[in-house]
Amino acid sequence: MRWFETPSFDFIKATKVAYFLSGSLIIISIFAIFTMGLTYGIDFRGGQEFVFDFENAVDVVEIRSELSEPLGTTPEVKLFGSESEILLRVDTEEDITQTRELIMSEFSSLYPDNPVTVQKTDLVGPRFAEDLRVGALYSIIFALAVVFIYIFIRFKGWYFSAGAIAALAHDVLIVLGIFTIMAKFAPFDVSIDQTIIAAFLTIVGYSLNDTVVVFDRIRENSLVYKTMDFKDMINKSLNDTLSRTVITSVTTLFVVTVLFIFGGEVLKGFAFALVIGVILGTYSSLFVASALVVELQKRAMQAKS
Amino acid sequence: MKSQNNGFKIGSIVLFLGLTIYYLFPTIQWQLEQRHMENMVPSERVQYQEENAAKLQQLREESLSLGLDLQGGMYVTLEVGTPQLLQELAGEYADEELDEIIQTARDRAFEQRTDFIDEFVAEFESRNPDGLLSRYYRSDADNITRRSSNEEITNYLRQQRDEAVDRAMEIIRSRVDRYGVTEPSILQQGNNRIVVELPGVDDQERVRDLLRGTARLEFRLLPEPEEINAVKQQIADYFSNQMEQEQADTLQSDTLGQADDETTNLLEVFDLRGTNQHSFGYSAGRDTSTVNRLIQQEEVQSFIPRNMELMWGATPFAEDNGTELYELIAVRNQIELTGDVISEARVAFDPTTNAAEVSMSMNAEGARRWARITGANIGRPVAIVLDGYVYSYPTVQNKINNGRSSISGLGGVEEAEDLVNILLSGALPAPLDIIEERTVGASLGEDSIQAGLYSTLFGLVVVALFMIVYYRAGGGIADLALILNIIFILGILAAFNATLTLPGIAGIVLTIGMAVDANVLIFDRIREEMRGGKTLRAAIDNGYANAMSAIVDANVTTFFVAIILYSFGVGPIKGFAVTLMAGIVSSLFSAIVITRVVVDYLTRDKTADVNFG
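In order, the protein sequences belong to chains U and X.
Anchor point for the first sequence: position 234 equals 234 in the numbering used here, and the numbering is continuous, going up by one each time.
Anchor point for the second sequence: position 96 equals 96 in the numbering used here, and the numbering is continuous, going up by one each time.
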């Protein structure tokens with residue numbers, strides 16, 4: 001079987017459409033992040049979180065309203081995987097054992113015929129959450145910096161670094177935007193916690209993987225076709241590697257989708273980020289990174305002359 | 001030349017495979033043993049486990065361990081209370097200014113995430129431009145005198161903090177060992193944090209007490225009943241006045257009454273009568289924090305004399321319709337004797353009630369003082385206070401000369417054992433705060449293992465089929481490499497004693513998707529070279545050679561990201577990063593070396609044909 005054996009798409013010509021698409025997505029994402037705010041999970045916000053497993057289905061809304069008074073604050077209650085499992089998040093300074101016992105005793109009076117077990121309890125102090133948040137931010141910034149330096153050294157041109165970084169920032173920003181909007185209605189937990197940061201960095205790694213393969217071909221072609229126009233050469237490189245880009249994206253997309261569907265509730269948000277990340281990463285290495293390299297190179301030349 | 005080269009490659013494959021099997025062998029054996037034991041009847045199993053204890057222990061230690069998220073257990077991050085430590089080190093030199101400095105430094109260190117000791121010194125120096133820290137700190141042992149410079153004292157404080165952390169870790173290790181957790185992990189994080197991982201443990205409260213118990217044991221006298229009664233009366237009057245006033249307010253206007261809602265609660269949640277003349281009163285367990293808050297009010301505190309302190313009983317003294325009742329007990333402020341005189345502790349049973357208690361012996365100095373205290377207080381109660389809770393306040397019957405004492409009023413044998421454990425491990429140098437705690441139930445862990453396993457297998461099958469359909473023989477070779485790749489990852493994890501976590505499994509799943517990437521690059525390149533008119537052999541050689549730089553660049557960058565994840569992440573994220581790194585190394589090896597050897601072998605005859613689709 002062969003896909004894209006000798007393709008001749010004009011990727012650079014599609015730049016305008018891509019800029020418009022990416023531009024709108026980024027604006028929507030930034031707007032969403034600023035108006036709705038990021039939905040932090042317990043890792044970055046602190047508080048207490050429980051997973052309860054009931055024998056029969058329960059009503060999330062009922063639990064939320066019934067527990068608000070005894071807890072002294074409205075807890076966040078969500079289904080967790082099935083109709084009978086719930087995730088409950090609460091900001092309280094009470095001792096976690098006391099909170100748990102309070103909730104359990106409320107449950108036993110609320111659902112006397114529906115026994116419940118505690119699956120998971122998490123407690124994160126506010127200071128610790130702050131530390132984790134800062135650590136996560138640093139790790140993303142640091143990752144981008146290292147990538148910039150590595151590409152700068154390997155490809156000897158700052159515009160390659162800039163193109164790659166812009167594509168990565170593009171991917172991360174849009175995934176963040178999607179997560180922010182999804183937080184309002186997703187049937188699974190999409191709040192931003194440590195595992196999501198791991199997913200972001202994996203997206204960075206993946207997207208970069210794709211971008212670097214294309215850049216590598218650009219470097220090779222620039223030595224072979226010395227007289228070719230820079231724009232055409234980038235187009236040729238993208239077409240040369242298109243088959244590989246698509247195949248790798250397809251196989252990776254397969255497995256992360258499997259992980260999303262069968263990987264269990266704990267990994268849902270993580271796998272979801274990867275699914276979007278793989279799609280975006282492929283798109284951005286085809287349409288954003290290289291187009292930016294052309295753009296930046298052109299400007300650099302103009303500035304020189 | 002070529003065959004020699006391949007000989008080296010084959011050698012390295014055999015070596016790699018051999019090492020992997022060597023490192024994975026204990027894991028496989030351990031799995032087999034577990035299955036073997038599951039089939040036994042319980043009595044046989046116990047006997048088998050006893051007979052093979054050493055071997056089983058070794059297998060367990062050497063086999064690939066599962067993270068807490070997979071096997072269930074408890075994960076706790078503790079922070080050594082540096083502010084309290086500095087307060088205590090100052091001892092008798094402490095004054096109100098020191099309290100203020102510590103408070104300010106603590107707030108600032110929190111806000112700006114800076115080191116507490118740095119902030120402490122900076123705050124002191126900004127308040128006292130020419131002041132010397134030796135005002136508060138002296139130590140003969142560490143050569144810290146009145147004339148020591150602030151720098152010397154800062155170093156001394158840092159050293160004290162580090163020692164406190166070391167000592168706390170030692171104490172926690174010894175407590176956890178006695179508790180009997182298999183494969184606990186106790187690590188230092190940053191300069192004042194300790195991470196404790198306890199697989200298979202889910203009794204949170206017990207563990208929390210165990211980890212945090214400072215083992216500060218005190219013997220104190222109790223105030224006279226008349227004195228207690230007088231204070232009780234004043235507090236009761238104060239609150240009933242409040243209640244009346246509020247009712248009057250509510251009658252006047254409905255809105256005003258709400259503000260004072262809280263105050264009226266004390267008489268409702270707290271019964272001032274008490275069960276005996278020494279007790280202050282009692283309340284249900286869930287209301288104790290409300291009572292604490294109400295009693296902390298300044299007006300209420302003003303009724304309590306300086307030499308009196310209120311403390312909760314450690315265990316419920318009675319049960320009322322299913323609610324456990326706790327007693328609030330008035331004790332003297334002065335500490336008669338502390339736990340450092342205890343030389344030995346063990347679990348004992350009360351001969352009449354058969355309840356578990358802890359019996360303790362004191363050293364010579366302690367015994368002498370204990371004899372004096374008991375001698376002077378015959379007929380009066382002595383409170384035994386541990387970490388701020390009153391365990392019992394037995395009445396002294398006669399002078400005790402042999403230095404024996406005991407703690408009764410414990411919840412059961414388990415609690416008695418824990419208490420002995422805590423007393424014997426020694427007192428913590430500074431209080432520990434739990435700043436992060438995660439517990440995963442065993443069943444959730446099992447579900448996660450299953451989900452992870454199924455998605456790995458399913459992803460593997462889908463990708464393998466796709467590769468064969470798309471690249472034919474080449475795809476089949478890549479699939480072989482892929483399967484070896486997963487075995488290698490597990491081998492690398494076992495060799496580095498890493499822990500398989502849920503994100504780690506996700507890392508393996510992701511590696512499956514990305515592992516074929518190197519082969520895709522190579523095979524696509526081979527196809528391209530063949531289109532350019534090269535022979536199969538030449539196309540293969542050129543394909544591998546030309547794809548190499550892209551493969552290296554792509555993997556090196558991902559590896560960098562994995563290193564960053566590893567250095568910044570904690571817990572499960574580290575596990576993910578480790579699998580990602582192992583995945584990159586092993587997928588590079590299997591995609592480049594293994595497939596090459598197989599491809600070379602299949603095309604060793606000039607006429608042979610390997611189909612790349």
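If you are wondering where the hints come from, they were derived from the structure by calculation, not from laboratory data.
Keep in mind that the hints are not guaranteed to be accurate.
What the hints assert, rightly or not - According to the in silico footprint, chain U covers these stretches of chain X (three or more CB under 8 angstroms from chain U): (1) 509-521; (2) 549-556.
Said to hold, decoys possible - With a straight-line cut-off of 30 angstroms between C-alpha atoms, the simulated DSSO-like cross-links for lysine-lysine are: (3) U:Lys236 with U:Lys16; (4) U:Lys236 with X:Lys534; (5) U:Lys13 with U:Lys236; (6) U:Lys16 with U:Lys268; (7) U:Lys268 with U:Lys13; (8) U:Lys231 with X:Lys606; (9) U:Lys268 with U:Lys156; (10) X:Lys9 with U:Lys226; (11) X:Lys9 with X:Lys399.
To be verified - Which chain X residues stay away from chain U? Per the calculated CB distances, all over 10 angstroms, these: (12) Ser359; (13) Val440; (14) Leu444; (15) Asp447; (16) Phe560.
These numbers come from a predicted model, not from an experiment.
C-beta atoms are modelled at their ideal positions from N, C-alpha and C, and glycine is treated no differently.
Results of checking the hints against the structure:
| no. | hint | result |
| --- | --- | --- |
| 1 | 509-521 | holds (count 9) |
| 2 | 549-556 | holds (count 6) |
| 3 | U:Lys236 with U:Lys16 | holds, 18 angstroms |
| 4 | U:Lys236 with X:Lys534 | holds, 21 angstroms |
| 5 | U:Lys13 with U:Lys236 | holds, 13 angstroms |
| 6 | U:Lys16 with U:Lys268 | violated, 35 angstroms |
| 7 | U:Lys268 with U:Lys13 | violated, 37 angstroms |
| 8 | U:Lys231 with X:Lys606 | violated, 41 angstroms |
| 9 | U:Lys268 with U:Lys156 | violated, 40 angstroms |
| 10 | X:Lys9 with U:Lys226 | violated, 37 angstroms |
| 11 | X:Lys9 with X:Lys399 | violated, 84 angstroms |
| 12 | Ser359 | holds, 29 angstroms |
| 13 | Val440 | violated, 5 angstroms |
| 14 | Leu444 | violated, 4 angstroms |
| 15 | Asp447 | violated, 6 angstroms |
| 16 | Phe560 | violated, 5 angstroms |
Hint check: violations occur at hints 6, 7, 8, 9, 10, 11, 13, 14, 15, 16; the rest are consistent with the structure.
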